[in-house]
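Novice: Here are the chains, one letter per residue:
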Amino acid sequence: MLIACHECDALQRISDLPEGASARCVDCAALLYRNPAGDLNRPLALMLAAFMFYLLGNSFPLLTLDISGLVRDSTLSGAAFALYQADMLVLAVLLLVTAVLAPGMIMLGSLYVLTALHFGLALPGRRPMLTALSHLRTWEMMDVFVLGVLVAMVKLAADAETLVGAGLYALIVSVGLALSARSYIDFIDLWRTLEKQRL
Amino acid sequence: MSAEEDALRCPRCNSRVHSRAPHSLARTWALLLTAMMLYVPANMLPMMETTYLGETTTDTIISGVILFIDEGDWLVAGIIFGASIIIPILKMVSLLYLLISVHQGSAVRVRQRTQLYRITELVGRWSMVDVFVVGLLTALVHMGQISNIHPGMGVMAFAGVVVLTMLAAISFDSRLIWDYSNDR
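Just so you know, the protein sequences line up as chains R and B, in that order.
Going by the numbering used here, the first sequence opens with residue 4, and the numbers climb by one from there.
Going by the numbering used here, the second sequence opens with residue 32, and the numbers climb by one from there.
It should be emphasised that the hints constitute simulated quantities derived from the structure, not laboratory data.
From the three backbone atoms N, C-alpha and C, an ideal C-beta is built for every residue, glycine too.
Hints are not guaranteed to be accurate.
Computed Cβ-Cβ distance ranges for the label pairs, DEER-style [stated by the list, open to error]:
1. R/Ala40 - B/Thr89: 49 to 55 Å
2. B/Thr89 - R/Ala169: 55 to 61 Å
3. R/Ala48 - B/Asn179: 41 to 47 Å
4. R/Ile17 - B/Ser137: 27 to 33 Å
5. R/Ile6 - B/Asn45: 16 to 22 Å
6. R/Thr67 - B/Thr82: 49 to 55 Å
7. R/Ser183 - B/Ile93: 33 to 39 Å
8. B/Trp105 - R/Leu14: 48 to 54 Å
9. B/Ser137 - R/Gln88: 47 to 53 Å
10. B/Val139 - R/Ile17: 15 to 21 Å
11. R/Ser80 - B/Glu102: 26 to 32 Å
12. B/Ser46 - R/Ser183: 44 to 50 Å
13. R/Gly41 - B/Thr88: 52 to 58 Å
SDA-like mimics (lysine to any residue), calculated; alpha carbons at most 25 Å apart, straight line [to be verified]:
14. R/Lys199 - B/Ser46
15. R/Lys199 - B/Val48
16. R/Lys199 - B/Arg40
17. R/Lys199 - B/Leu207
18. R/Lys199 - B/Leu39
19. R/Lys199 - B/Arg43
Examples of chain R residues lying across from chain B (beta carbon under 7 Å, computed) [as the list claims (entries may be wrong)]:
20. Asp12
21. Ser80
22. Gly81
23. Ala85
24. Tyr87
25. Gly112
26. Tyr115
Produce the entire structure from the sequences given, and follow the hints as far as they go.
Specialist: Right, here's the structure in full:
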C-alpha cells in the first residue's frame, strides 16, 4: 500500500502487517496504519456497551450536593441548562456539543459503520459517515468532562457533602469502553474493508 | 502549487484533495492571534462569582488555583494550573514558533517540530476542564439564600481561547514544515 504521511507528506510503501502491528512514518514517526487484532466483532461489542453506559450516564445525576441540609443534584444536560439560564448560551452549547452530542454521534456513527462492515450490509451513507467520524473526533471531550466533574467534587468537598451519582460512574465506564473500542479500530483498515466489500 | 485548485476529489471517500491546505498559514495566524488576545480577558475577568450567605466573592483562574493551594489540594491546583495556564500558553507559543519557523523557511529540527505539533494537537482539549468545572458548579450550587455560583465572563473568554487554539492547530498544515527540509 502506497501512502503519503498526513503529517509530513513522505511517500512510502507499507507491506502487509501482522495482526496488532503498527506502521510509522519513516521520516516523522507519525502513526500511519495499524492492523488491529481480530475482526470487527470486538470493537462493535465494546462500542455498543460504551453507548449504553453513555445513555445511563446522561440519564442519572452526576453529583449530589448537600449544603446544610439543602440537597441538589445535576445531570449532564442539567449542567448545560444551568449555563443557559445563567445567560451563558454559548457555553451551554459548547458543553452540550463536546460532552453530549459529539460523543453520542461518534458512538452511533461508529456502530452504524461497524455493523455495516462486520455483517456485510450495504447500509446507505457509510462513506460520508466514516468521513464524518474523523472530523467529529476533534470535538469529543467526554473524558475531559469527567475530569471536570472530579475537580468540581474536590472544590465542593470543602464546604459541602458530595455524593457521586450513578451518572458519573456510568460516564467513566463509557469513556473506558469507548477507549478500548477505539484501540481495535484503525480508519485506514476500515476504509480498506469497505472497499473490499464493493456493495 | 496553486491554492485555489479545482476541487480534486478522493475516489474512496470523496473528500477534497489539496497538495497543501489552502491558506493554512493565514488561517492559523488569524485564529492564533485572536486566541492570544482573548487570553488576557480570560485571566483578568472572573471565572466564577460565589455568593455565600450574602457575601459575593469572585474568582479568576489564578485566584482559583491559589484557593486550592491554600486548602492543601495540591493535586487539583496542579490540574487546574496545568490545564488553564500551562497548556494554553504552551499551545500558543508552540504554534507561534511553528508559524515563524515555516515563514523563515527553516530547514532545521524538522522532526522535532513535527513532534511538537503532534503534542500540541493532542493536549489542547484538556484545557476545557475549567470550563466544565464552572458549568457543573453553576448547575449544582443553586441553594437560594445560602449559596449560589454564577459564571463570569472570564469563562466565556477562556472557552474561546481553547476553541480557537484547537482550530488553529487543525488549520496548520504540518506538511509545510517539511517543505523546507534539506532532505526532500
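Novice: I want to verify a distance hint. Is the separation of the beta carbons of R/Ser80 and B/Glu102 within 26 to 32 Å?
Specialist: 30 Å, holds
Novice: For the pair supplied as a hint, R/Lys199 and B/Arg40, confirm whether the alpha-carbon distance does not exceed 25 Å.
Specialist: 20 Å, holds
Novice: R/Gly81 was flagged as interface toward chain B. Is the shortest Cβ-Cβ separation under 7 Å?
Specialist: 5 Å, holds
Novice: R/Thr67 and B/Thr82, beta-carbon distance inside 49 to 55 Å?
Specialist: Check failed, 21 Å falls outside 49 to 55 Å.
Novice: Range first: 48 to 54 Å. Now tell me if the beta carbons of B/Trp105 and R/Leu14 are that far apart.
Specialist: 49 Å, holds
Novice: R/Lys199 and B/Leu207 were given as a pair; does the straight-line alpha-carbon distance stay at or below 25 Å?
Specialist: Violated, at about 33 Å.
Novice: Take the shortest C-beta to C-beta distance between R/Tyr87 and chain B; is it under 7 Å?
Specialist: 10 Å, violated
Novice: Given the hinted pair R/Lys199 and B/Leu39, is their Cα-Cα distance within 25 Å?
Specialist: With Cα atoms ~23 Å apart, R/Lys199 and B/Leu39 stay inside 25 Å; holds.
Novice: Check whether the Cα positions of R/Lys199 and B/Ser46 lie no farther apart than 25 Å.
Specialist: 19 Å, holds
Novice: Taking 25 Å as the top limit, are the C-alpha atoms of R/Lys199 and B/Arg43 close enough?
Specialist: 11 Å, holds
Novice: Is 15 to 21 Å a correct range for the gap between the Cβ atoms of B/Val139 and R/Ile17?
Specialist: Given about 28 Å between the Cβ atoms, the range is violated.
Novice: Once the shortest beta carbon distance from R/Ser80 to chain B is found, is it less than 7 Å?
Specialist: Since chain B brings no Cβ nearer than about 10 Å to R/Ser80, farther than 7 Å, the hint is violated.
In this structure, the hints that do not hold are numbers 2, 6, 10, 12, 17, 21, 24, 25, 26, in rising order.
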